[in-house]
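Q: Sequence:
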Amino acid sequence: MKKLAAVIVAAGSSTRMGKSIPKQFIKINNIPVLAYSLMAFQNSYLVDEIFVVSQLSWFDKIIRIANKFGISKLREVVPGGDLRQDSSLNGVIAAENFEYIAVHDAARPMIDLSDINKVIEGAFECGCSLLASKITDTVAYVDSNKFDITEYGNRENLIAVHTPQVLKRTIILKSLSLARDLKIVLTDDISGAKMQGHRVKVVFSKNPNIKLTVPHDLKLITMYFQQTLANSIHTNLS
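In terms of my numbering, the sequence shown opens at residue 1 and continues consecutively.
The set of hints was computed from the structure by calculation and includes no laboratory data. By construction, the Cβ of each residue, glycine as well, lies at the ideal position given by its N, Cα and C atoms. Worth double-checking, as some hints may not be accurate.
[To be verified] Quick list of the computed label-pair ranges, beta carbon to beta carbon:
hint, residue 1, residue 2, range
1, G70, I21, 18 to 28 Å
2, I159, N97, 47 to 57 Å
3, K68, F147, 42 to 52 Å
4, L56, N29, 44 to 54 Å
[Said to hold, decoys possible] The calculated DSS-like cross-link candidates involving lysine-lysine, where the alpha carbons are at most 30 Å apart (straight line), are:
hint, residue 1, residue 2
5, K201, K168
6, K174, K2
7, K118, K134
8, K3, K219
9, K201, K174
10, K174, K219
11, K27, K118
12, K219, K68
13, K168, K146
14, K219, K2
15, K211, K61
16, K73, K206
Work the whole structure out from these sequences, hints included.
A: Encoded structure:
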């Protein structure tokens, strides 16, 4: 049985949310955003342990959340870095006894258990895997002034990249370490693996997986969970 650790990155300052608290601690239906991801990975039979990467001042709060929501797989809370990729690297280094690492943004509370398992299985198959969604809007490139369209893109060959992203630990450790040493800023964890020439299995999400970035996202995510709860109640009463 392959050993896998989930690294949940929750070290961002959330300046675009305009809130007095980091977005991972905002409550939706009285549950902190971070807790949704913790519970999803806790419930995956493919996840052995969980590491959360965060700022030192938030360690106690994260441990309290984990205890309250029964996150028995939480192994360690790890200090974050200056960049997101530095935070990921710190989590990967801490998870030293695992063959695979699943990196997930704490700001994606809508992550579905079945999607987690499919992405992990994809990585077990080829070494690297990520969750994504198809793009339905027309996409275009604009000039440097953001004024005029310069070219239209073919959306058939474009995807919206999400997390979790799952990689062999040897691959992600090498790519993130190399990026740090060469001062390369990565767009995500998988991009470092692509720089090394690794193939990546794309798994399309069957469920919404919005990243909480701006206040409007919070409204959409709240509506989703309220509708999910209403559907659950209706099913149980039927």
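Q: Does each hint fit the structure? Answer for all of them.
A: Each hint tested on the structure:
1. G70 / I21: 18 to 28 Å: Hint holds: Cβ distance 23 Å, inside 18 to 28 Å.
2. I159 / N97: 47 to 57 Å: Since the Cβ atoms of I159 and N97 sit about 33 Å apart, the hinted range of 47 to 57 Å is violated.
3. K68 / F147: 42 to 52 Å: Given a distance of about 50 Å, which is inside 42 to 52 Å, the answer is holds.
4. L56 / N29: 44 to 54 Å: At roughly 29 Å between Cβ atoms, N29 and L56 fall outside 44 to 54 Å, so the hint is violated.
5. K201 / K168: The given pair, whose Cα atoms are some 13 Å apart, holds under the 30 Å limit.
6. K174 / K2: 20 Å, holds
7. K118 / K134: 16 Å, holds
8. K3 / K219: This hinted pair is violated, its Cα atoms lying about 37 Å apart.
9. K201 / K174: 19 Å, holds
10. K174 / K219: Violated - the C-alpha atoms of K219 and K174 are around 38 Å apart, more than 30 Å.
11. K27 / K118: Holds. K27 to K118 sits at ~28 Å (cutoff 30 Å).
12. K219 / K68: Roughly 25 Å separates the two Cα atoms, so the pair holds.
13. K168 / K146: 39 Å, violated
14. K219 / K2: 38 Å, violated
15. K211 / K61: Satisfied, since the Cα-Cα distance of roughly 22 Å is no more than 30 Å.
16. K73 / K206: 26 Å, holds
In summary, the structure is inconsistent with hints 2, 4, 8, 10, 13 and 14 from the numbered list given earlier, while agreeing with the others.
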